[in-house]
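Enquirer: The listed protein sequences derive, respectively, from chains A, B, C and D.
Numbered per the numbering used here, the first sequence finishes at 79, counting up by one with no gaps.
Numbered per the numbering used here, the second sequence finishes at 1079, counting up by one with no gaps.
Numbered per the numbering used here, the third sequence finishes at 2770, counting up by one with no gaps.
Numbered per the numbering used here, the fourth sequence finishes at 3228, counting up by one with no gaps.
Everything labelled a hint here was simulated from the structure, so no lab data went into it.
Some clues are possibly wrong.
Said to hold, decoys possible - The calculated SDA-like cross-link candidates involving lysine to any residue, where the alpha carbons are at most 25 Å apart (straight line), are:
1) B:Lys1011 - D:Pro3071
2) A:Lys11 - B:Ile1014
3) A:Lys41 - B:His1036
4) C:Lys2363 - D:Ala3041
5) A:Lys11 - C:Pro2325
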Amino acid sequence: MARVVVDVMPKEEILDPQGQAVANALPRQGFEGVSHVRQGKHFELEVADDVDDDTLERIAENFLANPVIEDWSVRRVES
Amino acid sequence: MARVVVDVMPKEEILDPQGQAVANALPRQGFEGVSHVRQGKHFELEVADDVDDDTLERIAENFLANPVIEDWSVRRVES
Amino acid sequence: MTETTHDTVTSPERVDSTEYAARTPELAQPYRELGLAEDEYQRIRRILGRRPTEAELAMYSVMWSEHCSYKSSKVHLRYFGETTTEEMRARMLAGIGENAGVIDIGDGWAVTFKVESHNHPSYVEPHQGAATGVGGIVRDIMAMGARPVAVADPLRFGPAEAADTARVLPGVVEGIGGYGNCLGLPNIGGEVVFDESYARNPLVNAMCVGVLKSDELQLAHASGTGNKIVLFGARTGLDGIGGVSVLASESFSGDETGSGRKKLPSVQVGDPFTEKVLIECCLELYRSGLVVGVQDLGGAGLSCATSELASAGDGGMWIDLDAVPLRAEGMTPAEILSSESQERMCAVVRPCDVEAFMEVCRKWDVTATVIGEVTDDENLRVDWRGERVVDVPPRTVADEGPVYQRPVRRPAEQDRLVADDPGTLARPGDAGELRETLLRMAASPNLCSREWVTSQYDHYVRGNTVLAQPSDGGVLRIDEQSGRGIAVATDCNARYTRLDPYQGARLALAEAYRNVSVTGSKPVAVTNCLNFGSAEDPGVMWQFQQAVRGLADGAAELGIPVTGGNVSFYNQTGGDPILPTPVVGVLGVIDDVARRIPTGIGAAPGEALLLLGETHDEFGGSEWSRVVHGHLGGTPPRVDLSREKLLGEILALGARDGLVSAAHDLSEGGLAQGLVEMALIGETGARVVLPEDADPFVWLFSESAGRAVVSVPRGEELRFTELCSARGLPCTKIGVVDTESRSLDIQGVGELPLTELRRAWEGTLPALFG
Amino acid sequence: MSAAGASIGVITFPGSLDDGDARRAVRRAGATPVALWHADADLHGVDAVIVPGGFSYGDYLRCGAIAKFAPVMTEVLRAAEHGMPVLGVCNGFQVLCEAGLLPGALTRNAGLHYVCRDQWLRAENTTSTWTTRYEPGAELLIPVKHGEGRYVAEESTLDELEGEGRVLFRYVEDNPNGSSRDIAGVTDARGRVAGLMPHPEHAIDPLTGPTDDGLGMFLSALDTLVPA
Ligand SMILES: Nc1ncnc2c1ncn2[C@@H]1O[C@H](COP(=O)(O)OP(=O)(O)O)[C@@H](O)[C@H]1O
Ligand SMILES: [Mg+2]
């Protein structure tokens, strides 16, 4: 069993209303100094040891992310 | 400027229908070997250098996560 | 890396100013990549007396696109104007040519409504494409000075079982719901139709209805020298400028990875919260009298808003692009002008009102910036970094674009199609086969319950929805005191239109009209969204021309005006166009919404079920021929609009006098389907007996137009049938409502338990889409 | 009758949607609705507060997460402490949970779709400020419309809620969102602060809603505010 983390983020040039909402709300709560927030998704997968990187990449691209508007990164973590 | 990543995940004992939906869909599409998926949120913040760890922790706990249902982790990344 | 045959000019070091353009006439420009034809480009050069700057080229190319300029449809659309009489115009406060048509509905109220297509973007990115389609049409309605009060969504998808439909449909529904629900606009109607021809070209049409006091109309024009141009709402980013990115030099926009902006998706992401706040902000600005003119930013962004405002006004306009609040770094003038960032509006404001305007925007946390002013000369001028990048006569951009008389030819295969009569298809013979056919049809994708879709839409918000899904027409209360309200319905049977585009458009109109009528409302106006294949295909242009004529002639026969519409060409995959799909929307008025007629039966025991209208053996383009035989051929049902009008009048009288407790129009699937729906929606059984001499198959499944089933309280049966016979409307008693029974019992077919019908009718979409 | 003396505030956040409907319901119940603005730290002397449905601030982070910090909410928290009746409907329920006035949290519907439909509920607690007009066990038909209405809380919290009779309503027949123990609404320990996902303000008139079963909630509150 391996643990895999996939982070999916809206592409830089794409509007990110969620991140924007967070960034706007922070100063109202007295938190200064946060200039930019982007919000995306974080997936944690448990995968069998024979699942190779290529498969993981395809899972991320086809399922976890929407390549039209999102970027993603896949990494294995020791568990 | 520092870059900070906050990951927010549903607590283990809380049902995660989104993660489950992904896990169920994968075998149908011919991807075997993924036994468990959980889906959470991933935030990337740009913060001024004088924002300390304690503040970041409070931002995560009071705002980015809901401690009733979610766990979170904060980490600084080099940019 | 793409091959560039043109020179790029704008870079961090150099601006393609009008002055530079005048000095470099020989510079090659990428007009073809921007979709301009050679002669169109030459015409721009003639207008300006020089080559256009990059910013000007971007502006002309988007504004002269089919979508913005209507260059292929204009010559046909004129027919709407020619067939609209003064009498039809009487209630119309704004018509074709404005952002949306406006109709006076009495008591000082006016209603505006319009449909827009967002077909292609919804194929590329279903969720965001559909969401921003809703956002766009809502801003159109706001630009009339109205409060948006409802949306509806006519949709077309490829085959229900196709894998790609499972990608597109749920995304589209989520997008429409996600955006509309968040705006607080009840969704009160629409369509979901499946057909092979939409497989790689779904149709996502979105309708919005708005309400205003009849003296509050806002028109989009920029007048009054010195008045300020204010851009407000979201910041401007690199959204939807995929096409224009050919103008950006690599050095200017390339990022570290060297991919440059050529890879920019032409997808926009919607932010419904920003739009919701923008709506409230706009309405407060209107109420406070702070706006002289207003325009929404949709396709073609600032290019469109500025040139249209200036063109409709009495002076020129000056814009300072450096003032535009940006979301992305390093945007070029062409990009800023063409950006399709959502949730933005543009207003013309008197200088003395600017501070008050800004105050309202601050209250709503809406970004607002003065970006220019109305000038006393003729031209639209745009400056960037101290240099003039645009200097054009605005009318040449907005109104005087190219106009084409495209070749029109009835396709040779049309005769073969019409000759392929469904009369030869095998029909169900005995009761068992009829029963099986009925159940199979009720479960078929085009006839089954739409609940899987509509339960994802909020139809309660604002508390004025009196009828919504499942109901033939959506009905909204407009005035809480008087109960005055409106009804809307959209319809189109594209199979009929394929067989006969002229009659098909009239049938779409007839059905939408009837759907409004069965709610007890009086139809008063028409809008449309004409979805067709390539304008360069003479066969498609024939379909288009015929459909426009059919719709215009039909509206004239009914005596209600076409107040506006939308044209979407190039809906095709390779050489195969979609079925011609002229979606027709009809608006109706009802004096007191408490009198509206619902669809479901069961108000009281023993009510009579009456079939209004005549049933003929008409199966061309029918749902039966598709579901059972996969057949499309013959001629569509005949349409008699004077009969539709009569039916409408009788229903309105019946509603007013309480003679009708339920009504449902008959269309796809015929009487059988109509009865199934009335029983299931009302959760009440009925016993149906067809006339002695009736051929049960024809009576149950024919799609003859001009028909409805009504449920009439016992004590009113005589009065109602006498009303029909006095006015010459055929009326046949076909059964009684049975509040005790839990089944639909049709003589000659057998007993159909409601549970079995429900399983058939409601199971299909959830099984397909989860 | 004559509760016209009572005034009930309805908060409008940017993105609130059912605020007008809540005001209409208050009016129909016979009280005076008062519009409260999110940015005003002022309750304008109202006798009770409704936090209405909608998507406050877009609900982009988490439903209700941003609204809980609005200036008006500070006042609501203070007033609630002193016993002022507060009702949160849908997004308002989410806000009250986020703000800690009510236990638990509302999460994504188990079916992953937004659901708008008429829903049967059973009245469980009929002693709270907002539910005295209902008979114990009464079944009501009231619309639900939400994408994140699945009520969750620690098992111990759920047990406590059950034990103290603080479950206001439960879904009957078909749970629309997968809520723990079919919970549709809960109240605080004193029975003053209540929250529920279904929309009683959309069930005040059979013309525009499925029934008028929701009116009882507003009438209940008026009974307390203006003792007969
Ligand atoms: N995409 C949609 N959005 C909203 N409502 C829809 C949609 N599709 C269908 N409906 C509604 O479902 C009901 C049945 O639709 P349909 O069978 O197309 O009606 P009709 O045949 O009377 O035109 C109607 O109330 C219609 O408005
Ligand atoms: Mg109908």
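Enquirer: Hints broken by the structure, by number, lowest first?
Expert: Hints 1, 2 not satisfied by this model.
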